[in-house]
Amino acid sequence: MEQLTWTGALSGLNLVFFAVALALAVSVLASILVSVFARDTGPLGVNADGTLMAASGMSGLTGQARYFSFLALVVIVLLYVIGGVVLGPQAGIIGGLARNMLPVWIALIAIFAVSITFKRKLGLYGKLFDSTIGMIGFGLVMFWVFAGVMGGAFDMLITHDPLSQFSGMKNALPGTPLNGAEPDDYQWFLLGGDNLARDVFSRLIKGAWIVVKIAPFATLFAFMVGITLGLPAGYYSGRLDTFLSFLANLILAFPVILLFYLLVTPEIVQTGIPNYMAAVLFSFPIVFCAVLLNSRYCTQPSLRTPLLIVVLGVLVWIYLSLISNNGAIVANDSYRIPGLPGFVDWIDMDSGLLTVFVAVVFVNAPTVFRIVRGLALDIKTRDYVAAAQTRGEGPWYIMLWEILPNARGPLIVDFCLRIGYTTILLGTLGFFGLGLESESPDWGTTINSGRRLLSLYPHAALVPAFALMTLVLGLNLLADGLREESLRD
Amino acid sequence: MGLFILRRLGVMIVTALCLTFIVFFLTNLYPNLEKLAKTQGNFRMSDEAVASYLEKRGYLDPMPVKFGRWLGVVPGWVTEAPDGTVTGRCFAQNTPAQDRPTFCGVLQGNWGQSTVFKDDVGGIVLERLGLTGKLMGFVLLVMVPSALLIGVLAGMREGSALDRSLSTFSIATTATPEYVSGVIFIAVFASSAFGLRWFKGSATSAMENATFENFTLPVLTIALYGMGYIARMTRASMTEVMTAQYIRTARLKGVSFGNIVLKHALRNALIAPFTVIMLQIPWLLNGVVIVETLFNYKGFGWVLVQAAGNNDIELLLAVSVVSVIVVLLTQLISDVGYVILNPRIRIS
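Residue numbers (this note's numbering), protein chains in the order written: chain A, 1 to 489; chain B, 1001 to 1348.
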């Protein structure tokens, strides 16, 4: 086996690719220049203040040039991927990657096809497919979600074991053939080896799984805490608001990294403080669901009571399995608080992961609280809230069934942005070597271990860095698309 | 106005007290103290040796007493060894009895001793703050003008090609945390792998002598992450101003577009970004910690990491006091400045 080049048999495309990329850059620059000097904003410009402006040829021309060169670029990238899938490693590193990612491509095509076909029936999610930015963002996010789930949970995409070391592959460049490979091994290290001779590509995919596993759920918990405390703070105002806002500002006044250093060290884990915090923070979804259902159905006890028993039963079970580990909620040298025994404890969350999870929720919750409080303060002055009060609805019904649904637009947008921010926080934790073990494949830890050899072998740190960037960029674009589409109606 | 500022200062002091107490509580938990004793003494100390080490230095007293000592409202600890030598928190070992002060805490201007650097905490923090101030100054100098420029250019014609390119750029910068952009910058501009060796990948030499070569990358890394957010806020504020009635009037009067933007829109559009810039400064602190670690620039953020990593209690407390003051002071300035800049708002 010989060293792979980046594009292999497809190298004829490279020249076209660079030409088209250059054309796109030129046309973007040209249309920027035109938009500065020409007096119009497109075919028939409507100014923001409502006045109209006449059309002119130049901006239309550059706009079309931009549009077509962008399309050409997309087509060429697709050609690389399709060529790679067909040719495999013959088409170089890109080919090998494209072939390995085949299940992800299939899943992406399937989800886009289904969503675009039924987009008129899918509400806000369907409207996302009307905006290019939103679709690009959604594509990037789903790419990493599928890569994480397939590679991490089902071991599908990875080419080598992400934790084992291969002799002779230390700091290997991308595309290096595996030293002493058996016939049934994958023959190359597609994205090279790191400083402990492990496969960078497989670690990348496993790292995506860690992010996909933690970030959405941590954000969800932060939202539960923020909503459960923010709604009453905004609705009742007064003393409660002052107190809760003070607490939120107190946490926000900490530099995030100091907070991480205080909460995520092994010494603090020994004292059991993260477990207590988990016990408190994770109880908010239960409170939220209980109040949500009770405030709606309290007039129909025959429906409410069984519903609450079933829902709360399941939630309490999940809650107990989340916070207990090896049959104990807190276990240290001096005492032990028993939790769920192992055979009903179906969520296996080791203490490092739990600590990271808690720290991230704790950092995010106050910001969500402030957003929800602000929205509640604004919405409680609306007429429909007054109408509900006149009808004699209880305060919790008004908060959860009148105010919350009307605040959903900004909250959904912020949810997307906040998943991105949580991803950044997870990376920060890894970058400082906090929480997860040092051999963990998550992106922050990998960047941290790769940065020592940055000037000689940058690939080990660059690969996870680009991955993190594209995922967060995708989430931000997705949020932008959602914001645009939700403002449209 | 005066009352408002006074009340905010009161809240600030209460917040600082609560926050330092939390830091104090967490750093004084027994496992942390044990780690401290072992790093200060030796790693093979037995449990009894650790306990006596801590006992002698007053670490095992009740939490409120210890916190009071740090504040300077409770007398410092004094231990008399069996051989008659007296050690205490407030004096060196051989001080005569009449020269020994009883109180020594923050209120007396004594920030304590750093266990990592074996030096006076106040001095360390001041020195490192100076270094970080230099970094932050350059960052603000780069970040604020370019962010405002990007925001104003993007917001003056909503939906134009310029707007879309600049908005995409600002989204991309907010999606790139410092440890990602820093790594990419070092790999591209400072490594032999790409062959471009324009800048240096380490800023250690910038502590004495900052040059274009060794200071560009750290400054750019921090500035880039903060820039996108400010630019987006400026753009939002600018687009809102451009829909106002007086802009339409000016346009219908025949004022040129350049004059509309510069004379009519700009001033009103820059009120909101002022608040955002002030509130962004505490966030920069985070970036400073990452960048100082990445580029090995030994400033305030680097001290924070050292203090936290070694459980250096008094240094960590001083660091958190400084950062809470930065956070609350910028909030105060942003509120007061907003009122001064925007005559429509009054504080009752």
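Please note: incorrect hints may appear among the correct ones.
[Said to hold, decoys possible] Example chain B residues on the side facing chain A (calculated, C-beta under 10 Å, incomplete): (1) Gln1108; (2) Asn1110; (3) Met1278; (4) Pro1282; (5) Leu1316.
Hints in this document: simulated from the structure, not taken from any laboratory.
For glycine and all other residues, C-beta sits at the position ideal for the given N, C-alpha and C.
Taking the hints in turn, this is what the structure says about them:
1. Among the interface hints, the one on Gln1108 of chain B is violated; its C-beta lies about 25 Å from the nearest C-beta in chain A, farther than the 10 Å criterion.
2. Annotation: interface hint on Asn1110 of chain B violated; nearest CB of chain A at approximately 22 Å, more than 10 Å.
3. Hint on Met1278 of chain B is violated. Least Cβ distance to chain A is approximately 14 Å, over the 10 Å limit.
4. Evaluation of the Pro1282 of chain B hint against chain A yields a held restraint, the C-beta minimum of about 7 Å falling below 10 Å.
5. A distance limit of 10 Å between C-beta atoms decides the matter here; for Leu1316 of chain B the minimum to chain A is near 8 Å, and the interface restraint holds.
When each numbered hint is compared with the structure, violations occur for hints 1, 2 and 3.
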